[in-house]
Amino acid sequence: MALSVNPADAVITVRDLRTEFGATVIHENLDLDIRRGEIVALVGGSGSGKTTLLRAIIMLLRPAAGSIHLFGQEIIGIGETAAFRLRRRFGMLFQQGALFSSLTVRENVAVPLREHTQLPRQRIVEIADLKIALAGLPADAGNRLPRELSGGMLKRAALARALALDPALLFLDEPTAGLDPVSAGAFDELVAQLKESLGLTVVMVTHDLDTLWSATDRVAFLGERRVIGYAPMRELTQAEHPLIRAYFEGPRGRAAREQACRAK
Amino acid sequence: MATSPAPSTVHRAVIQVDGEQCRCEGDWTLNGIEALEAQPRAIHWPAGELRLDGSGIQAIDTTGALRLLNIVADLEQTGHSVHLVNLRPEHEALLDLVRERRASAGAAPPPPMARGALEWLGRWVGSHARHAIEFLAFIGEAAMALARLALRPGRFRWRALFGNIETAGVHALPIIALLSFMMGVVIAYQGGQQLKFYGANLFIVELVSLTMLRELAPLITAIIVAGRTGSSYTAQIGTMQITEEVDALRTIGIRPMDLLVLPKLLALTVVLPLLTTFADAVSVFGGMVLAQVMLDVSFSDFLDRFPRVVTPISFLLGIGKTPIFAAIIALVGCYQGFQVRGGADSVGRHTTISVVQSIFLVIAADALFSIILGGVGLWR
Numbered sequence: 084m085a086l087s088v089n090p091a092d093a094v095i096t097v098r099d100l101r102t103e104f105g106a107t108v109i110h111e112n113l114d115l116d117i118r119r120g121e122i123v124a125l126v127g128g129s130g131s132g133k134t135t136l137l138r139a140i141i142m143l144l145r146p147a148a149g150s151i152h153l154f155g156q157e158i159i160g161i162g163e164t165a166a167f168r169l170r171r172r173f174g175m176l177f178q179q180g181a182l183f184s185s186l187t188v189r190e191n192v193a194v195p196l197r198e199h200t201q202l203p204r205q206r207i208v209e210i211a212d213l214k215i216a217l218a219g220l221p222a223d224a225g226n227r228l229p230r231e232l233s234g235g236m237l238k239r240a241a242l243a244r245a246l247a248l249d250p251a252l253l254f255l256d257e258p259t260a261g262l263d264p265v266s267a268g269a270f271d272e273l274v275a276q277l278k279e280s281l282g283l284t285v286v287m288v289t290h291d292l293d294t295l296w297s298a299t300d301r302v303a304f305l306g307e308r309r310v311i312g313y314a315p316m317r318e319l320t321q322a323e324h325p326l327i328r329a330y331f332e333g334p335r336g337r338a339a340r341e342q343a344c345r346a347k
Numbered sequence: 015m016a017t018s019p020a021p022s023t024v025h026r027a028v029i030q031v032d033g034e035q036c037r038c039e040g041d042w043t044l045n046g047i048e049a050l051e052a053q054p055r056a057i058h059w060p061a062g063e064l065r066l067d068g069s070g071i072q073a074i075d076t077t078g079a080l081r082l083l084n085i086v087a088d089l090e091q092t093g094h095s096v097h098l099v100n101l102r103p104e105h106e107a108l109l110d111l112v113r114e115r116r117a118s119a120g121a122a123p124p125p126p127m128a129r130g131a132l133e134w135l136g137r138w139v140g141s142h143a144r145h146a147i148e149f150l151a152f153i154g155e156a157a158m159a160l161a162r163l164a165l166r167p168g169r170f171r172w173r174a175l176f177g178n179i180e181t182a183g184v185h186a187l188p189i190i191a192l193l194s195f196m197m198g199v200v201i202a203y204q205g206g207q208q209l210k211f212y213g214a215n216l217f218i219v220e221l222v223s224l225t226m227l228r229e230l231a232p233l234i235t236a237i238i239v240a241g242r243t244g245s246s247y248t249a250q251i252g253t254m255q256i257t258e259e260v261d262a263l264r265t266i267g268i269r270p271m272d273l274l275v276l277p278k279l280l281a282l283t284v285v286l287p288l289l290t291t292f293a294d295a296v297s298v299f300g301g302m303v304l305a306q307v308m309l310d311v312s313f314s315d316f317l318d319r320f321p322r323v324v325t326p327i328s329f330l331l332g333i334g335k336t337p338i339f340a341a342i343i344a345l346v347g348c349y350q351g352f353q354v355r356g357g358a359d360s361v362g363r364h365t366t367i368s369v370v371q372s373i374f375l376v377i378a379a380d381a382l383f384s385i386i387l388g389g390v391g392l393w394r
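Residue numbers (our numbering), protein chains in the order written: chain U, 84 to 347; chain D, 15 to 394.
So that you can see chain U by itself, here it is in the shape it has in the complex (with noise of 0.2 Å):
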């Protein structure tokens, strides 16, 4: 089901991916375009890799066969350099945070700054100081430790590392997991704002259906170790596919479908 999108607006072109781990297949003939731009989602139930996908993408994971451009790029047998130089045009917002946990969060957003700019040490403080802001996190979380933070606050410092580097590629696995209703909500509309003010491409993962009906362009549901569906949310939960009426007729599903259609 793969769109024909334009080469020059596709951010990521995923072509006849297949990744497995030893005998288990996760994905296989797997296509899937991203246009600049947009907020895409990647849903689809346990176990369908979405997160493989994800780290197959930002190359973190060799797949077996297959191609992906990132930006026009082919990714699969990379040179160093040029991983490194494409690692500076995208940022990625881990499940868990993986905040370093020997350094504060202002010295974590830090780090992706001081490994690929020469910019003097106070001009640095500056931009992550700038950044821990525009993550909605209060003006002394930059002193704090990781482990000193609750779960909301983790994941704004991960967001705020993550857009260390003003990448024009964003990537989050699960953004609104763990996280309660209103801070869920405020995350949602962060990221919006930052899409609409930076043009960012926004890439996740989430099971979260107020996300899925507010925040993205479009959603694509992984099953059957490929692309069973790509469209825009009030398309797909019209299709015919039974794993996604599956997914999306439940009883959480039917509910936030009927408040996202009431908030329209």
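Keep in mind that the hints were calculated from the coordinates and are not lab data. Take the hints with a grain of salt, since some may be wrong.
Unchecked claim - Not everything, but these chain U residues come out facing chain D in the computed CB check (under 10 Å):
hint, residue
1, F183
2, R197
3, H199
4, A216
Predicted model only: the values in this text are computed from it and were never measured. For every residue, glycine included, the Cβ atom is placed at its ideal position computed from N, Cα and C.
Once you have looked at the hints, place chain D on chain U.
Then chain D, alone, in the frame of chain U:
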């Protein structure tokens, strides 16, 4: 809306000043502004009211916006009144976002207060005293758990015990064999040089056997086990502490002491004497090999003399200390594991502390044994 173009097409951010006309041009992005660092100070700004034209800005991101706002703020500090004009609407929106968020940005931490030497000493003593007391409490808790086990032995986790015996004991055999053989050779070589000088070659038997059986084999084995097994106890329990597995055990109603500490403690108390016996044999064999090669003391001469000079007491004195060493290693390793808080760096720090402390305590205990045994006249 190409706000972050490919690095190959980056135009650096510049400020053009042409008489009254000030223009910002190029890419005000993280890539673009790196080059700008030195420039603003070198610019001759016109005095008084300033109109900064932003129409030439190709692309802007939050870093560029921050830089631009900072430049404006610096100018306003020096008495200019600055108007940013002709910005594209999307750039204006981003500047507004950054301006609003920057207001709530945190300040760098105040430098930590310098501590006086006396305060430092006080805190150091205080924290060490607290740790010593906590460790004693931990030993007490372990003893209570042992007592409970003695009353109700049916609840004991045999599987964990045998698993620990295998990893701490069987898997350690090769490294212990290699190191104790080498120790036997080294001691025999050093002592042999002197004995040869006096023609007392045969005394190599006493030298190697008594040194090894009474002191060196127990010590070396304990040190290897502390480095190999004690550290793994700390790392394992420490990681479980971080991932809340220890709390999960408590919630289910399993005492971490029963599941995590007792099997390790008992396994090591069984394993260390056995490993030491093994090290005794291998190191004496090492001495035997060297005696034959360098001192012309044949295997049969060596083995003939061995039972006449080495009493069972010597062997038992060496072995008798090892359960104490085992308890020290297991308790320190587990205690440090439970002290882990926070993250990965804490696991590393406590693993180091665990190894250093257990080796230190093993050697201290060994010294204590020598004094006590000397006092009761058990030299031979």
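Chain D contact restraint for F183 of chain U - C-beta distance below 10 Å: holds (8 Å)
Should the hint that R197 of chain U touches chain D count as held when the rule is a Cβ pair under 10 Å? Check failed: Cβ of R197 of chain U comes no nearer than 13 Å to chain D, outside 10 Å.
Interface hint for A216 of chain U, Cβ within 10 Å of any Cβ on chain D: holds (4 Å)
Let's test the interface hint: is any C-beta of chain D closer than 10 Å to that of H199 of chain U? At about 8 Å, which falls below the 10 Å cut-off, the nearest Cβ of chain D leaves the hint on H199 of chain U intact, so it holds.
Figure legend: structure checked against the earlier numbered hints; the only hint not met is number 2.
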